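Asker: Residues per chain are reported as follows:
Protein chains: 2
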Amino acid sequence: MVDFKKLRINNILLAKKTIREAVCEDDFIINSINNIEDLAKVANVLCKRLRQWYSLYLPEMYNKIGDNEAFVRLVLKKDKNTLMKELKLSETMGSDLSKNNLKPILALASRIDSLYTLRNELKDYLKKIMGVYCKNLLTLAGTVLGAKLIESGGSLKKLALMPSSTIQMLGAEKALFRHLKSGARPPKHGIILQHPLVGGAPKNKKGKAARLLADKLSIAIRTDFFKGEFIGNKLKEELKKRLK
Amino acid sequence: MVDFKKLRINNILLAKKTIREAVCEDDFIINSINNIEDLAKVANVLCKRLRQWYSLYLPEMYNKIGDNEAFVRLVLKKDKNTLMKELKLSETMGSDLSKNNLKPILALASRIDSLYTLRNELKDYLKKIMGVYCKNLLTLAGTVLGAKLIESGGSLKKLALMPSSTIQMLGAEKALFRHLKSGARPPKHGIILQHPLVGGAPKNKKGKAARLLADKLSIAIRTDFFKGEFIGNKLKEELKKRLK
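Protein chains in written order, with the numbering used here: chain A, 8 to 251; chain B, 8 to 251.
Copies of the same chain look alike in the list, so a pair counts if it works inside one copy or between any two.
Straight-line alpha carbon distances no greater than 25 Å define the calculated DSS-like cross-link-like pairs of lysine-lysine that follow:
1. Lys243 / Lys210
2. Lys106 / Lys134
3. Lys23 / Lys165
4. Lys55 / Lys130
5. Lys23 / Lys87
6. Lys130 / Lys48
7. Lys234 / Lys142
8. Lys24 / Lys92
9. Lys48 / Lys71
10. Lys110 / Lys142
11. Lys134 / Lys55
12. Lys48 / Lys134
13. Lys165 / Lys134
Just so you know, these hints were derived from the structure itself, not from any lab.
Please read these numbers as outputs of a predicted model, since none were measured by experiment.
Based on the sequences and whatever the hints tell you, model everything.
Answerer: Right, here's the structure in full:
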């Protein structure tokens, strides 16, 4: 007689082993890119508070420095007098805070700065894994866009099995289904709009650029997935020529 | 003839000086408490990601450790084998990550941990300013609730001029105006529900507790604003006696 109990236990063990071994680069890439996006949002929230708080001290900075990252770095690196000179202010409406009251503001700034550093570290990490796992996609799309494509598609395998027109629409699902349901105008591009060759194209050429880029991306992704040669640079050149 | 140009310039200077000198403890308290709340939200967002990411490595942690702060600390301080022993796991469904793939996860955990540290530092800072600026309120309401009251009220001065029933409703504006407009049941308490004596009261006594606390808070705030003596402990004792 078959020992069902033993069979069951062995089956569970086998299942656990399969789960354990199913972790692959896709998971690392998806987690990293999700984190990069969260870090950007989170840093923005904290930066808004920092700007408000710092305005007690030097309110003129609020409008003069638009970029959040630059704002944080200036707050951390330069003191009030240097900043006033650089912004060409003869006087300020901010009050002189005591060291005790300034300390928490600077502590906040340094935490935000460390979040920016982490974001950059994660980008480097992504670049490193993607350089091995999907070099063609990395070359053609860049780190962030490439990772986002994998994230929207689910995995490199799923992306490789998609037609290029699906890749073109990834991230524009809402607009696509609105088109299919109500006959509104179809979307021309999803997240690949972030690519400089698409985003930078003139308005009436954006659709064409998106289609061409999606074609080349599809080739790159399939080459990566089926372990083909490195053709990223060649694809990029062809694309640039077509878009001239 | 009056020199209007000079008058104008002097007026602007005077206005700027007034603005400069208007910065006071209220601003520090409001900024700090806003930041403490933002930090908690932000840490939660990042923690969710960390949990997901860490689940590639040791998925059994996800459900066993509910508290985010404890989760981050465990990830940082203990390695996989120690954790498995502590959670009494003989095996795990997580895969063994290489050092390179584990590094960004730990980096994220350490940033979250430093956000928690900052939150605690800000709480200490708050306690320090409030110990000088509004000691009675601090004693009666505690750091976070006291600061939140100042934040909702706008400043200690505004709070001191409010009737205690307004203090009782601070933070329940939406429910209050719904009551006034549509005759729905009036709210019994706003943010003072966070006080252990109100939040911990039995359900049918919460309203009474909120009213009594608001009364005492009002006395404490006025004493603070008009630079009275320290009566915080006395008020607290009276309140506890009434709520027995």
